[in-house]
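Engineer: Residues per chain are reported as follows:
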Amino acid sequence: MLRFIIRRILGSIPVLFGLSVILFFFLRLLPGDPALTILGEHATPQLVAQMHEALGLDKPLYVQYLGYLGQLLQGNFGSSIIDNRSVLDSFLVRFPVTIELTIGALIFAVGLGIPLGRLAARHPNGWIDALVTVLSLFGISIPIFVLGYTLAFVFGVELHWLPTIGPLDPRLDVHTVTHFPIIDAILSRNPNAILDAFSHLFLPAIALGSIPLAIVTRITRASVIDVSNEDYVRTARAKGLSQHRVDDRHIMRNAWLPVITVIGLQVGGLLAGAVLTETVFGWSGVGSWVVTSIENHDYIVVQSLILIFATIFLAVNLLVDIGYAFINPRIRYS
Amino acid sequence: MLLSVRDLIVRFRTHDGTVHAVNGVSFDVDEGETLGLVGESGCGKSVSNLAIMRLLPRPAGHIEGGQVLFEDVDLTKLPEADMRDLRGREIAMIFQDPMTSLNPVLTIEEQLVETIRAHRPVTAAAARTRAIELLGMVGIAQPAGRLRSYPHEFSGGMRQRVMIAMALALQPKLLIADEPTTALDVTIQAQVLELLQRLTTEQGTAVILITHDLGVVAGMTRRINVMYAGFVVEAATTANLFAAPRHPYTVGLLHSIPRLDAAVDEPLIPIEGVPPDLRIPPVGCAFAARCAWRLPRCWTEIPPLDPLVPLEPGASVRTTGPAATHRVACWNPVTAEEAGLGAPRRPGFSAAPPPTGSRDVVVAADTPEAVLVEPAEASSP
Amino acid sequence: MSSAPTSVVVRAAPRASRGLWRDAFQRLLRNRPALLGLFFIAVFVIAAVLAPLLAPDDPAVGNLALSKQGPTLAHLMGTDLLGRDELSRVLFGARISLLVGVVAVAFGLFFGVIVGAIAGGVGGAVDTVLMRVTDVLLAIPGILLAIGIVASLGHGQIQIMLAVGISYAPIFARLLRGSLLALREADFVTAARSEGASPARILLRHLLPNALTPLIVAATLAMATAIIDVAGLGFLGLGPGDPRVAEWGEMLTDSARFLQNAPYLILFPGAAIVISAIGFNLVGDGLREAIDPRLKR
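Going down the list, the protein sequences come from chains A, B and C.
Mind the numbering: the first sequence is residues 0 to 333 in numbering that gives the first Met the number 0, read in order.
Mind the numbering: the second sequence is residues 0 to 380 in numbering that gives the first Met the number 0, read in order.
Mind the numbering: the third sequence is residues 0 to 296 in numbering that gives the first Met the number 0, read in order.
Careful: at least some of the hints might be erroneous.
As the list claims (entries may be wrong) - The following label-pair restraints were derived from C-beta to C-beta distances:
1) C/Arg31 <-> B/Thr181: 20 to 28 Å
2) B/Gln141 <-> A/Asn124: 20 to 28 Å
3) A/Trp126 <-> C/Glu184: 36 to 44 Å
4) A/Arg2 <-> B/Arg12: 49 to 57 Å
5) C/Arg31 <-> A/Met0: 22 to 30 Å
6) C/Ala124 <-> B/Gly155: 34 to 42 Å
7) C/Asp241 <-> A/Arg2: 50 to 58 Å
8) A/His178 <-> B/Ala80: 22 to 30 Å
Stated by the list, open to error - Incomplete in silico selection of chain A near chain B, CB under 8 Å:
9) Val14
10) Thr177
11) Asp230
12) Arg233
13) Arg236
14) His243
Just so you know, the hints here were simulated from the structure itself, not pulled from any lab data.
Computed from a prediction, not measured in an experiment: that's the story for all the values here.
Positions of the beta carbon are idealized from the N, C-alpha and C atoms, including for glycine.
Take these sequences, add in the hints, and give me the full structure.
Structural biologist: Dropping the structure here:
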């Protein structure tokens, strides 16, 4: 088991290395001069040359890359060329908001998707199954921002049930401690703030979670139907076990396996989707930072954020693989 | 009488039409008796037994007629909760493929213990003790140590032993063994069969042994029912069936397997053609299209399963026991001499051609993938 | 038995792939959700191709006096901030989505098939290197890769096509390589090899045509994703960047500020995206079932 974990961790190192190479060369080789971005279009050639030297852009590319890699290995992602703040520092301040949004969406997708998938699998081709199929078709066909605005319009503008802007009402004056809106609200011991934080999360989490919801529902349904037709499920029935026990112990224990893998893969989509969701609902997390950095041509930030997101994605799937091995004895012992 | 299946009809509703899987099958099993059900795959032998257990694949499979009397209770009408209580406790099953019949993510212990505790109010510890005892009984060395193993850590033969232990855990009155050795290595087959026979004899468990292999049933069962396309076509004691097969299909089966006791020059005669399409409701004898003995009426009338020799006045058909009546569903049974040859031997006789406009021709026209072929082509694989 | 002529019904062996395709097509036509999808796609394509004929107004020219008017008989979908006819803009938006979507998926297929065919066909170290690169690209989640590419290539339709296409290429490459590897072991390939067919001939004549089947399904489903992703880029301000060009995603960004008093400006372009995406998703699922009937529920 330990060997399996170590092998998987070592296996992701080349990917991370390749990622840094691709992002570095890709973003450096492309047209556009960062010096001009900082200095403005009308900078004198001398100023531009000084800026190139300051940024290390006058050195050969491979030297620039090695320097960049060295910095990366020390946990230094560089600084924004707009406000000169360390990318990592700003990231750590903004990331909790994105985590909260992503986890909210994941809870929505998994919490609803698995029961829905199981329900649909109970009577394949029945009316519940048809309804679930249509819902999941909509889920994967609606862009996050269209769903986001629709939800905001219906539940915010029209019904006034839920707030649509930001993670927390600024008038509540909640102290920022952890940067997680909900945790900060809980720490404030103000029940209104706690309620407010949760109600702010509601619509963005649904908008962001709709695609994973559709995918988790589909895979759960397919997996439960597949496993239900396995010989060992027939054995379990032939032994006289109750339906409940057959479902929970013999079907779900096996049906979980592909579902877990798919849930891990959704984390990437969720991080990417956070870019759109945070823009729609005005959250100042990492996602909306990506957008403003693109607008500002802040290539160091864009490059670093993509690298960080990819690393998180790889790490999550590494954890998922390890978790998978724990519940699947066939891997555990191989 | 332990089990009495009466006129059982099972159909599957599928996208491609209704499959007539079992078409009015009757058979009986006494306490402690062993019955073999023999036939090609798809002949309805497994389906009839899944129907007895009410484990037909849902939602397609349905019992559409007949009764299954187990100790005089009709299982087809039993509430699901009672049926569940019966499964595993009174009637147990062993399936063909031990590789897939055990749950891969549960230990042997979990699977044995849950079987016992589903039916007996015993503590986990007591169930575990019983599980160890059972594993020892089926010949697994160091049973206590192997309890924590997962199925994939066992060989195929060992897994089938575990399946047998699980099936016999509650000392059921009836064990249905569906091709229990087909998926095993030849060398293991005999061991597993011997174990099965020894344990069921010791416990007095009646056995229905389903197989396509006449060699397996020969030494294992007292009686044999031969099935074809959802019908029982011949029923006899094992001794009678091997000594005097009377249905053309049985004769064909016996001639298509190599036998050690056969005369040296006796050729193997394959049964030509393929089993009928079960989506078409049977009109005549299901075997007619492949039969060399067929008469014109074979195409249009379904032959009943009747005694081979007319009963004496006042006598009745014996469906069980060592003196069970030899019965055959055939309009033109094979003679003793022909049974030895494997082919009709009557001057001037030739098999009746299909009636014009028969369903075979109609089907060929309707189904794009179906084509009419000459017999010579049809027999080539 | 052989003394009498007997007619027996047997199933013919699978015929040439043309028959396979015809069968698949017939199965597709029997699949009602897929037919609905075909209808949606037809509406989308007709709107895109015939936009100049169908559109009641010029999508680029508006009348400021008619800014943000709700749907009326004159303007069935109302007017936008600049008083332009929303219906005309949605119709012309279909043009961009179709063009960019098709070209992006074609780019993705082009790069993906080349990489996948080399990796799966050549194997060995080449395969390892190409698949590592694919792994790296696949590690960048979803639309982020496209965002990164557009961010560096700059605005414009070609850039979007390239960005979206490149972000799909690794998926296609993986898929093709996988089916090539599976097919290499297939009996008919072994047979061709034993008959002395050259490796190139086996790859081009036996492997690729069979391995393309899953790609067709994937490409259809990718069209749905492409329409959504292109709109997403537009929404983030990474669209064509030409205010005269109506693009669904950009139309949504422009209208988001007026959610309160002009929700229809979100509704109509949004519905257009959803319907087109549903169309391609339904047909993609239908194709998958038609090509591999075993998958059917």
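Engineer: Determine for every hint whether it applies to the structure shown.
Structural biologist: Cross-check of the supplied hints:
Take C/Arg31 and B/Thr181: their Cβ atoms lie about 41 Å apart, and the range 20 to 28 Å is violated. For the hinted restraint 20 to 28 Å between B/Gln141 and A/Asn124, the CB-CB distance of approximately 48 Å leaves it violated. Between A/Trp126 and C/Glu184 the CB atoms are about 42 Å apart, so this pair conforms to the stated range of 36 to 44 Å. A hinted range of 49 to 57 Å holds for the C-beta pair A/Arg2 and B/Arg12, which are about 51 Å apart.
Against the hinted window of 22 to 30 Å, the Cβ-Cβ separation of C/Arg31 and A/Met0 comes to about 49 Å, which falls outside the hint. In this structure the hint that C/Ala124 and B/Gly155 lie 34 to 42 Å apart at CB holds, the actual value being about 39 Å. Range check, C/Asp241 to A/Arg2: Cβ separation about 56 Å, and the 50 to 58 Å hint holds. A C-beta distance of roughly 55 Å is found between A/His178 and B/Ala80, which places it outside the suggested range of 22 to 30 Å.
At its closest, the beta carbon of A/Val14 sits 30 Å from a beta carbon of chain B; the interface hint therefore is violated under the 8 Å criterion. Look at A/Thr177: its Cβ only gets to about 38 Å from chain B, farther than 8 Å, so that hint breaks. The criterion of a C-beta within 8 Å of any C-beta in chain B is met by A/Asp230, whose closest approach is roughly 4 Å, and the hint holds. The closest approach between the C-beta of A/Arg233 and any C-beta of chain B is roughly 6 Å, which is under the 8 Å cut-off, so the hint is satisfied.
With a cut of 8 Å, the hint placing A/Arg236 at the interface with chain B holds, because the nearest CB-to-CB distance is about 5 Å. At about 11 Å, the closest approach between the beta carbon of A/His243 and any beta carbon in chain B exceeds 8 Å, and the interface hint on this residue is violated.
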